[in-house]
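Add chains B, C and D to chain A, keeping to what the hints say.
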Amino acid sequence: MDLLFFGIAKDIVGKSQMIMDFGEDSPNSVADLKQALKKRYPEFSKLTSLAIAVNSEYAKDDVQLKSNDEVAIIPPVSGG
Amino acid sequence: MDLLFFGIAKDIVGKSQMIMDFGEDSPNSVADLKQALKKRYPEFSKLTSLAIAVNSEYAKDDVQLKSNDEVAIIPPVSGG
Amino acid sequence: MNKIIEIVQELDTHSVYQELSHPNSGGICVFVGSVREFTNNEQVVALEFETYESMALKEMDRLADAALEKWKLNKVVIKHAVGRKEVQDAVVIVGASSAHRSESFEACRFLIDTLKRTVPIWKKEMFKNKSVWVSAHP
Amino acid sequence: MNKIIEIVQELDTHSVYQELSHPNSGGICVFVGSVREFTNNEQVVALEFETYESMALKEMDRLADAALEKWKLNKVVIKHAVGRKEVQDAVVIVGASSAHRSESFEACRFLIDTLKRTVPIWKKEMFKNKSVWVSAHP
Numbered sequence: 236m237d238l239l240f241f242g243i244a245k246d247i248v249g250k251s252q253m254i255m256d257f258g259e260d261s262p263n264s265v266a267d268l269k270q271a272l273k274k275r276y277p278e279f280s281k282l283t284s285l286a287i288a289v290n291s292e293y294a295k296d297d298v299q300l301k302s303n304d305e306v307a308i309i310p311p312v313s314g315g
Numbered sequence: 236m237d238l239l240f241f242g243i244a245k246d247i248v249g250k251s252q253m254i255m256d257f258g259e260d261s262p263n264s265v266a267d268l269k270q271a272l273k274k275r276y277p278e279f280s281k282l283t284s285l286a287i288a289v290n291s292e293y294a295k296d297d298v299q300l301k302s303n304d305e306v307a308i309i310p311p312v313s314g315g
Numbered sequence: 002m003n004k005i006i007e008i009v010q011e012l013d014t015h016s017v018y019q020e021l022s023h024p025n026s027g028g029i030c031v032f033v034g035s036v037r038e039f040t041n042n043e044q045v046v047a048l049e050f051e052t053y054e055s056m057a058l059k060e061m062d063r064l065a066d067a068a069l070e071k072w073k074l075n076k077v078v079i080k081h082a083v084g085r086k087e088v089q090d091a092v093v094i095v096g097a098s099s100a101h102r103s104e105s106f107e108a109c110r111f112l113i114d115t116l117k118r119t120v121p122i123w124k125k126e127m128f129k130n131k132s133v134w135v136s137a138h139p
Numbered sequence: 002m003n004k005i006i007e008i009v010q011e012l013d014t015h016s017v018y019q020e021l022s023h024p025n026s027g028g029i030c031v032f033v034g035s036v037r038e039f040t041n042n043e044q045v046v047a048l049e050f051e052t053y054e055s056m057a058l059k060e061m062d063r064l065a066d067a068a069l070e071k072w073k074l075n076k077v078v079i080k081h082a083v084g085r086k087e088v089q090d091a092v093v094i095v096g097a098s099s100a101h102r103s104e105s106f107e108a109c110r111f112l113i114d115t116l117k118r119t120v121p122i123w124k125k126e127m128f129k130n131k132s133v134w135v136s137a138h139p
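Protein chains in written order, with my numbering: chain A, 236 to 315; chain B, 236 to 315; chain C, 2 to 139; chain D, 2 to 139.
For the record, the hints were derived by calculation from the structure and aren't laboratory data.
Each hint should be verified, as a subset may be incorrect.
Think about it this way: if two alpha-carbon atoms lie no more than 20 angstroms apart in a straight line, the pair counts; the simulated SDA-like pairs of lysine to any residue are [as the list claims (entries may be wrong)]:
hint, chain 1, residue 1, chain 2, residue 2
1, C, K117, B, S284
2, B, K245, C, H138
3, B, K273, B, V289
4, C, K59, C, I6
5, A, K269, D, H138
6, C, K125, B, V289
7, A, K245, A, K274
Simulated restraints, written as ranges between beta carbons of each label pair [said to hold, decoys possible]:
hint, chain 1, residue 1, chain 2, residue 2, range
8, D, N3, C, H138, 30 to 38 angstroms
9, A, M253, D, E7, 28 to 36 angstroms
10, C, V46, D, A47, 49 to 57 angstroms
11, D, N3, B, M236, 48 to 56 angstroms
12, D, H101, C, H138, 17 to 25 angstroms
13, D, Q89, A, P277, 36 to 44 angstroms
14, C, A67, D, H138, 39 to 47 angstroms
15, C, S16, B, D246, 43 to 51 angstroms
For every residue, glycine included, the Cβ atom is placed at its ideal position computed from N, Cα and C.
The following block holds chain A by itself, in its conformation from the complex (with noise of 0.2 angstroms):
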C-alpha cells in the first residue's frame, strides 16, 4: 500500500513516502489502516488525533481503500 507522510507521521516513519507492506493484516477500510499503522508504530497512538485522507480528501473510518487510493496520513493539523 503506498502511504504518504506529513508533519510529525513522516518523522514517526521516516519517510514522506512509502509502499508499506502489511502482509496478512492488509487493510480495508480507514479504520484498519489506523490500527495498523498504530500497531506497527507506537507513536501514532500517543498524538492528539490521527486522520486518514483518501484521494487528497478527508475520509471516515469506514471508507474502503482502493489499491490506486493516493492516501496519506494527516497527523494533527496546525496551520495559521
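The following block gives chains B, C and D in isolation, referenced to the frame of chain A:
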C-alpha cells in the same frame, strides 16, 4: 458668542463659523445654548441628536460656557 | 509608539500591515471601510467627508487608549480619510495586533463601532439629483 | 472571481485590500497571522510550515465556499505561506468583503478558526535547542 458649525449644522445656519448675538438670552450653559439654537433655528430640533463640544471635547448639558471657550455644534456623526 | 492616529486626504492601505506588525504579535486584524456603489438601491456618485479635526484626533486618540486598556494589544491604527471619495475608495482603516487572535478581532470591532458613534466626522452621500447628510435625521 | 486561494512561499500583505475591494462592499475585514518571538516564554528562532498541497487547496476552497454560503460576501481571500518563516513574517492571510461590516468580521473570524482546524498544514516551532510539531501531542 463665537460658534463652529459642522455637517448639517453648517447647512442649517449657512456658515461654518459665526459670532451669534443672543441678546438678553445669552446662554450660560451647554443646555441653554442648545435651547437658544433650537429656538432660533427650528431645524435643529429635527436632528437625530445635537451635541456641543467645548474646547474640542464633548460637553455635558451642565457645563458652563466661558467667553474664550471654543464652542462647536456637533450634529449626528457619521464617520466610517 | 503603540498607536498611529491620522486624518488624511488619501488613505494608504498598503502600509497598514507593516504598521501593525510586532515581534510579540501573532494576530493582526484590520478593518477597512470603503465606498459602496448603492445605498438602499440608490446609486451613490461619491461621498464627502468633513471633520472637526482637532476634536476628531482627540477622540481617536482616546478611542485607541480605551482599546489598549481593554485588551492586551501591541499596536493600534486608526486612520480616517476626508474630502471627496468615490466608489471603492477606502474611507477608514482601523486595526490592532496582539499575541493571540481573539484580542485583535475584538479590539478591531470595538474600534470601528466606537469610531462611528463618537468621532466628529460627517458623511454626505452624493446621489445624481440630491445629497444627504447621513444619520442627521431619524 | 469571488475567491482567491493560494499557497505560496512568500505572502504579499500589500495587495490584499485591492483583492478584496468591490463596488458593493462597504466593509473589508482582514486577518494576518504572523510569527511571534516567544511561545510560553521560549524564544522562537523560526517556524517551518509544510503542507499536503493538493488537499490543502481543496480544503481552503471548500472553506471559502462555506463562508460564501453562510454570509453574503463579495470577495474571499485565503492565503497561506509554507517554508521557513522568521519573527514578524506573515504566515496566513484571510479576508472577506461585504456590504456591511458585521458579515465581513464574522466571516473573517470563521475563516481563520476553521482553517486552523481543517486545512492540512503543519507548523514546526524551531527553538534554540529543539524543534516541536505544534499540536501533535496532547
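Structure-based check of each hint:
1. C/K117 / B/S284: Holds. C/K117 to B/S284 sits at ~14 angstroms (cutoff 20 angstroms).
2. B/K245 / C/H138: holds, 15 angstroms
3. B/K273 / B/V289: holds, 18 angstroms
4. C/K59 / C/I6: holds, 9 angstroms
5. A/K269 / D/H138: holds, 17 angstroms
6. C/K125 / B/V289: violated, 24 angstroms
7. A/K245 / A/K274: Holds, at about 16 angstroms.
8. D/N3 / C/H138: 30 to 38 angstroms: holds, 36 angstroms
9. A/M253 / D/E7: 28 to 36 angstroms: At roughly 30 angstroms between Cβ atoms, D/E7 and A/M253 fall inside 28 to 36 angstroms, so the hint holds.
10. C/V46 / D/A47: 49 to 57 angstroms: holds, 50 angstroms
11. D/N3 / B/M236: 48 to 56 angstroms: holds, 55 angstroms
12. D/H101 / C/H138: 17 to 25 angstroms: holds, 21 angstroms
13. D/Q89 / A/P277: 36 to 44 angstroms: For A/P277 against D/Q89, whose Cβ atoms are near 39 angstroms apart, the range 36 to 44 angstroms holds.
14. C/A67 / D/H138: 39 to 47 angstroms: holds, 40 angstroms
15. C/S16 / B/D246: 43 to 51 angstroms: The hint (43 to 51 angstroms, Cβ to Cβ) is violated, given that C/S16 and B/D246 are roughly 35 angstroms apart.
The structure fails to meet hints 6 and 15 from the earlier list, while all remaining hints are met.
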